[in-house]
Amino acid sequence: MNEALTLISFGPEGWGDEIARGVLITVSLALASLPFGLVIGFLVALAKNSGDASLRNAANIYTTIFRGLPELLTLFLVYYGGQMLLNEIARLFVTGATVDVNSFIAGMIALSLVFSSYASEAFLSAFRGIRHGQYEGGYALGLSRGQTMRLVVLPQLIRLALPALGNLWLILLKETALVSAIGLEDLLRWAGIAARVTKEPFLFFGSACLIYLALSMISSIGLRRIEIWSKRGEAAR
Amino acid sequence: MSWVSTETLPARPAPPARQDGWSAARIAGNVLMALWIVAGAYLAYYLASNVMSDYVRTYWDDYLDGILITLQLVGTSMVTGALLSLPVALARSSRNPFVSGIAYAYVYFFRGTPLLAQTFLIYYGAGTFRPFFSDLGLWWFFRDAWYCAIFAFTLNTAAYQAEILRGAVQNIDKGQWEASSALGISRLVTFWKVILPQALIVALRPYGNELILMIKGSAIVSLVTVFDLMGETRRAYSRTFDFQAYIWAAVLYLVVVEILRRIWERLEARLTRHLKRS
Numbered sequence: 001m002n003e004a005l006t007l008i009s010f011g012p013e014g015w016g017d018e019i020a021r022g023v024l025i026t027v028s029l030a031l032a033s034l035p036f037g038l039v040i041g042f043l044v045a046l047a048k049n050s051g052d053a054s055l056r057n058a059a060n061i062y063t064t065i066f067r068g069l070p071e072l073l074t075l076f077l078v079y080y081g082g083q084m085l086l087n088e089i090a091r092l093f094v095t096g097a098t099v100d101v102n103s104f105i106a107g108m109i110a111l112s113l114v115f116s117s118y119a120s121e122a123f124l125s126a127f128r129g130i131r132h133g134q135y136e137g138g139y140a141l142g143l144s145r146g147q148t149m150r151l152v153v154l155p156q157l158i159r160l161a162l163p164a165l166g167n168l169w170l171i172l173l174k175e176t177a178l179v180s181a182i183g184l185e186d187l188l189r190w191a192g193i194a195a196r197v198t199k200e201p202f203l204f205f206g207s208a209c210l211i212y213l214a215l216s217m218i219s220s221i222g223l224r225r226i227e228i229w230s231k232r233g234e235a236a237r
Numbered sequence: 001m002s003w004v005s006t007e008t009l010p011a012r013p014a015p016p017a018r019q020d021g022w023s024a025a026r027i028a029g030n031v032l033m034a035l036w037i038v039a040g041a042y043l044a045y046y047l048a049s050n051v052m053s054d055y056v057r058t059y060w061d062d063y064l065d066g067i068l069i070t071l072q073l074v075g076t077s078m079v080t081g082a083l084l085s086l087p088v089a090l091a092r093s094s095r096n097p098f099v100s101g102i103a104y105a106y107v108y109f110f111r112g113t114p115l116l117a118q119t120f121l122i123y124y125g126a127g128t129f130r131p132f133f134s135d136l137g138l139w140w141f142f143r144d145a146w147y148c149a150i151f152a153f154t155l156n157t158a159a160y161q162a163e164i165l166r167g168a169v170q171n172i173d174k175g176q177w178e179a180s181s182a183l184g185i186s187r188l189v190t191f192w193k194v195i196l197p198q199a200l201i202v203a204l205r206p207y208g209n210e211l212i213l214m215i216k217g218s219a220i221v222s223l224v225t226v227f228d229l230m231g232e233t234r235r236a237y238s239r240t241f242d243f244q245a246y247i248w249a250a251v252l253y254l255v256v257v258e259i260l261r262r263i264w265e266r267l268e269a270r271l272t273r274h275l276k277r278s
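Note that the protein sequences, when read in sequence, are chains A and B. Per the working numbering, the very first residue in the first sequence carries number 1; after that it's consecutive. Per the working numbering, the very first residue in the second sequence carries number 1; after that it's consecutive.
Just so you know, these hints were derived from the structure itself, not from any lab. Here a beta-carbon is modelled for each residue, glycine too, at the ideal position from N, C-alpha and C. Hints may contain errors.
To be verified - Derived DEER-like restraints, expressed as beta-carbon distance ranges:
| no. | chain 1 | residue 1 | chain 2 | residue 2 | range |
| --- | --- | --- | --- | --- | --- |
| 1 | A | L43 | B | M52 | 19 to 29 Å |
| 2 | B | F132 | A | R196 | 49 to 59 Å |
| 3 | B | S186 | A | F36 | 30 to 40 Å |
| 4 | B | R57 | A | R150 | 23 to 33 Å |
Said to hold, decoys possible - One-sided and incomplete, this derived list gives chain B residues near chain A with beta-carbon spacing under 8 Å:
| no. | residue |
| --- | --- |
| 5 | W22 |
| 6 | A25 |
| 7 | A28 |
| 8 | N30 |
| 9 | Y124 |
| 10 | G127 |
| 11 | A219 |
| 12 | Y246 |
| 13 | A249 |
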């Protein structure tokens, strides 16, 4: 028992500081993918909600692809495919040049793609929950389309989409574990290295699981706070 | 003199054709569709020009084996998971706080941690308890990546399916229980014959989603040396460094997922046909 405590403690004997660095990478990867995923997801939802059939189809193809591919495969496609593409481009200018794709960036792109295709569905169903009178009321007050979207629709949209987006955030947090497969030194990667070096796999993978669990618990608490905040206008009713 | 005019008025000219114009949305839509069509055509051309290549001839059988392994893995763990989810769901809604607490912890753990970490924990972590498993005569099970993957996937999907089942059962109106008990039907028979059939119809869609998620999630077993579709892809890529390995895998995964989704939609339509109003 004491040995186990030494192994996961901080300092030269233990793996605590390495794992803490891994946690930092995991969390920052999830946090870095979130804004891109949200913005792309919102735009895709707008496209799916548009009156124009070609725009709707284009958006539907996007979600069909990224919701049908395994996340791991998307990651490999972005990582190896991006590397090949960049090398081809670099060779146009410098012969024999090689470009290395940063695994953090590749992970961020892949996770944003997957997150945005799911988020677009969340936004779309939230759009369906807003009655048309809200838009018409906005236009009647002389607001432009952009202003109506920003000042009237968006605040209600966030409230409606928040539960689904919260779930997607928890899924995103778990999906970051996949980047350990392309060599990014996240929580799971460090746990794997420590397990191999110390020959204590159960201890380290178990700790990694518990850390993921703690991260989702913290997220759930935060999400509940945000949800309460988003509903603060409803309390009076 | 007649007050009624004998001549009819000339027909009015047709209204001008509606000016649809090229709104920003329409331009964006057409540009994006054009991009997709170009990309799709290029992909089709790329695949068609490679269908007869050495790569495909060498690895096609491996890909088919991989798909079979993936389907087998998902099928086995979905079915065993469904069986396991029933007691978990029952325990989760038990009145005994100890029983429901354990079920809640189980569900919370498996839904709150990544499937990849769970698979690693079981596959690599089992080594820590090797003497213990050897004594029980279970070491052959935990030594094998295939069994470990099935075990991890079963535990994972059982947690998700238990929540689906519980949600669906809770969704059934309380009156159904009351009517049954008024008829003197025991609780067990009520659950089996009255509640469960109705709950499963509600649960059909989430079950379909879970199936798709499992197909996609099963790609990670390639990281613990199981050669499913993803595993075969990675092996082929590491031998040839030919990027079409991943392109073929992507196409195959999309096809499998799309076929399963269609089948599930048919199934759902068939099973809920008595609820349709036409």
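Task: Hint check against the structure, violated hint numbers in rising order - done: 1, 2, 3, 4 and 5
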